[in-house]
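Visitor: If you read the sequences in order, they're chains A and B. The first sequence begins at 301 in the working numbering and counts up one residue at a time. The second sequence begins at 37 in the working numbering and counts up one residue at a time.
The hints are simulated quantities; they were obtained by calculation from the structure and are not laboratory data. Using N, Cα and C, we set each Cβ at its ideal position, and we do this for glycine too. There may be inaccurate statements among the hints.
To be verified - Quick look at which bits of chain A chain B covers, simulated, 3 or more residues with Cβ under 8 Å:
id, segment
1, 389-396
2, 437-451
3, 512-518
4, 527-536
5, 586-592
6, 635-647
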Amino acid sequence: MNGESSAGASTTPVLEVRNLSVKFVTDSGTVLAVNEACFHIDRGETVCLVGETGAGKSVAAFSVLQLLGAGGVSRRARQQGDIILRPGDGREYHILSLPEHELERIRGRLISMIYQEPMTSLNPVYTCGNQVAEVLMHHARKSRREAMAATEDLLKSVGIPDPRRVLKSYPHELSGGMKQRVMIAMALALHPVLLIADEPTTAIDVTIQAQILNLFKQIQRSSGTSILFITHDVSVVAQLADRVVVMYAGRTVETGSVRDVFCRPLHPYTKGLLKSIPKPFKVGEKPQHLIPIPGTIPNPADLPSGCPFHPRCVWAQERCRACIPQVTTPDTGRAVMCWRWEELQGVS
Amino acid sequence: MDTMPIMETENLCKSFTSRSLFYGTRKGIVKAVQDVSLSIRARETLGLVGESGSGKTTLGRTILQLERPTSGTVKFKGRDLTAMGNAELRAVRREMQIVYQDPYSSLEARMRVGDIISEGLDIHKVGTKKERKERVEELLTTVGLAPEYASRYPHEFSGGQRQRISIARALALTPDFLIADEPVSALDISVRAQIINLLMDLSRDFGLTMVFISHDLLVVQHISDRVMVMYLGRVMELAEKDALYGNPRHPYTVALLEAVPKPDPTERREFRVLQGDVPSPVNPPSGCVFRTRCPLATAECAAVVPELRQVEPGHFAACIRL
């Protein structure tokens, strides 16, 4: 796995996260936000990181870009494990040990990010054109004129109907959906190998969400960029993902292809999550009682012993309370962190 | 099911004056709710859906007289609420309650949970102190919390638990009518189902009439008997749930349902989407408010405001092209 073979460029993952742990040392104790997380993203693939509030999905993603706190990494953050980026030119970056000036070359150019809140992630005092062009001027060393022309094309490519107007608009003059498109244009400006999208459709309405999801589908088809898409919305995962990584209490509890995870979930948490959402049903059918997961998500500063899901798991046993389950790989491309997954197969 | 209306609105309108930030000069009038005539049957759950800015929250608040309407009437059990003074309203408010969206800001942080729940009982002087205490404990049990929680403060609880406290508070005075304004939107998915089930059980057990406001069409389909779709302050369509989801008539409802992603990877598709954004409510389009995004719009749509009319028994839509 050192990327030494020549065929390696196309088969080795673009990003590999190995046993990543991120802790924050706070005055009221240590918060374990990410705990031995493992996942990878292949070239051109869309991986959805799904989980609820506090599952650690955003922290894991921010760790990939080393954006944990102002100005890089907060002094309160402690990271362990390995994050390996392989842009496909034969090089390999071990992100956790890179100096800041090298990280700056990676951010925006090799990996770019789309944030959840289009309202707050654009700078209110610069025009949208300025903000997108700045990326091209800073990283691609384009002149202002070239950058502006390229920006106009970019805005057009993300489906903005009148790019000239948007170029000169300030963020407050645009709707939420339009701002999110500007953010996406900015993220795509340098043709990154990996695009990280942190809940990009959570703050917008359903008809606008459909537009943005279509845009992501278009990016998947036309650009070969790998996408790490973070969301808590199971329906969005079903529509976009090639593979799914389910996180709970900082751990990656299940991974697999989207069909495997949705049709044959192995981890009790994944099973519970899929049963707890209302499904579209046919006319005349009675809605089935939803089956919620009992209890609430554990506090990351005070995690339960053993399997972090055991207090909410109906199948928990003594073993689950005592020790953390090992990660097993039932099939190629699948992984599950549960002591009892095998005997619970097919049980729902 | 009892089909007597418990709540009726007639041509209900609510406008707000939008002022500029610095000098308070009038910028325009936001017509948040326009011409809503609606009758809500006793014991039904009416789902109210629409995107942000569609006026669903304002409609809920105007029905309860938390906002006084600009024009139109609201009748609760045959009595006109819009004609009542504050003292009279206070008495009626025992029978109608609301659960808010954000379980973090809707509970007073410096009050104990027990005091929050019994505040309505105290105001209306229901029972003795001891009886009120017992009632609080009973309510906590009803919503699935331990009675001991009465002496704790809201910050000690998770979002889902706080929403349970909010529901207990709303039920304290045994209301007949409950407005739930996006009660699960701020909650995590695994907890959301708990609250949806709780609301469904309570409305059945207590014979509640409920208006369930949400932007989540799957949740609304799950919980409602009838569904009303709003856009820019106006009612677009109103029908029994099965009719609305199975045979949507208004082009906006059709588009809204098309835009909902299905939680099934074997049913993947490109979304057929509406172009553009919701126009500003300060300056809504003339005629039909939806015409600027409507695939069926003609010149006539700009001229007339379509009336909500019956297209099939019990199925209403506001579109001249039907």
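Visitor: Next, verify each hint and record whether it holds.
Guide: Hint-by-hint comparison with the structure:
1. 389-396: It is violated: at least three residues are needed, and the segment 389-396 of chain A offers just 0 whose Cβ sits closer than 8 Å to chain B.
2. 437-451: It is violated, with 0 qualifying residues against the three required.
3. 512-518: It holds, with 3 qualifying residues against the three required.
4. 527-536: With 5 residues closer than 8 Å to chain B, the segment 527-536 of chain A meets the three-residue bar; holds.
5. 586-592: holds (count 5)
6. 635-647: With 0 residues closer than 8 Å to chain B, the segment 635-647 of chain A misses the three-residue bar; violated.
The earlier numbered hints that this structure contradicts are 1, 2 and 6.
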